[in-house]
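For reference, the chains in residue letters:
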Amino acid sequence: MVQDGIEQKDWTAPKHPPHVPIWKLSIYARINGVSGLWSTCLMVLLGAIALSSVFLSADPKGDISITSLKVFQGKAKRYPYKKQEFGFVNFNITADLTPLFNWNTKQLFLYLEAEYTNAQGVKNDVVLWDRIVRRKEDAVINFSGKNKYKFRELSKTFKKVTPAHYALKYNVMPYVGMLTYGEAARTTEAIEFPEAQESMS
Amino acid sequence: MTYLQDLVEGKIDFHGQKIADTITRVVLIASSVIAFILGFAMRSLSVTFTIFGVSTLAVCLLVLPPWPIYNQHPVKWLPVQEDSSSKQTH
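Heads up: the protein sequence lines correspond to chains A and B, in order. Note that the working numbering numbers the first sequence so that position 92 is 92, with each residue one more than the last. Note that the working numbering numbers the second sequence so that position 77 is 77, with each residue one more than the last.
Source of the hints: derived by calculation from the structure; they are not laboratory data. Just so it is clear, CB atoms sit at the ideal spot from N, CA and C, and this is done for glycine as well.
Cβ-Cβ distance ranges computed for the label pairs, FRET-style:
hint	chain 1	residue 1	chain 2	residue 2	range
1	B	K76	A	Y28	19 to 27 Å
2	B	S46	A	N171	17 to 25 Å
3	B	R25	A	Y28	12 to 20 Å
4	B	A41	A	T98	13 to 21 Å
5	A	A50	B	Y3	43 to 51 Å
6	A	L154	B	T50	46 to 54 Å
7	B	L4	A	N32	20 to 28 Å
8	A	Y28	B	R43	35 to 43 Å
9	A	V54	B	S46	17 to 25 Å
Interface residues of chain A toward chain B, partial, derived using beta-carbon atoms under 7 Å:
hint	residue
10	I27
11	A48
12	W103
Build out the structure end to end from the sequences listed, making use of the hints.
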């Protein structure tokens with residue numbers, strides 16, 4: 001059938017507009033479209049935030065000084081029949097860690113570690129003290145005190161142990177992204193363990 | 001029943017679909033870029049996620065319901081043609 005020079009197909013139009021086939025025009029198609037692009041945008045946004053803290057990383061330095069280190073013989077509560085040596089460390093730390101607080105920093109975990117190699121040749125890192133810093137205002141650290149956690153050697157004695165370095169280290173915990181490690185302060189020279197003294201009590 | 005189904009399905013026409021797609025794309029991408037930049041500038045992740053969340057809700061409100069703008073070019077169906085062949089067989 002030729003009409004006005006244009007060939008027209010001789011077909012019968014449906015009597016009712018099709019209901020189901022034009023699915024793309026319904027609200028479900030729009031929900032699908034919005035949520036698909038939304039999740040992509042969210043992932044890209046989170047990725048960008050995580051990546052931004054890589055470029056915002058800081059490396060603040062502070063000071064640490066060990067004012068006294070004593071070793072006493074004693075017994076641990078858990079092992080009342082085992083005589084072992086306990087280290088008692090007094091230290092000062094000053095550090096301004098505010099540069100570590102960028103827009104993606106949730107909190108900081110600070111810890112003081114003693115690093116030495118024991119008589120068996122095993123390298124030990126012992127955590128003596130820690131602190132969680134939740135706010136930027138609290139990130140200026142000015143602390144002097146003694147070890148919070150018991151300082152003991154697995155082999156019961158600090159004899160023949162190499163002199164120890166003491167270091168203030170931190171973890172930066174972000175809202176989005178990777179946990180990062182860092183070191184804020186370290187003793188300039190290793191400190192030797194003194195002879196163990198008899199227990200005071 | 002058909003009325004209720006139409007109300008739930010919220011049909012729009014082909015032109016409306018194109019407009020809705022464009023709005024979704026532009027607003028979502030722009031809002032995530034703006035959210036990142038503003039949050040970075042104000043050093044606050046809550047700013048970022050507030051902007052992103054509010055604009056997500058705005059997109060849903062703009063695009064999901066079958067607003068009249070999306071139904072300005074309804075599909076025109078061909079008129080029902082008398083079928084000549086069916087008459088012959090009868």
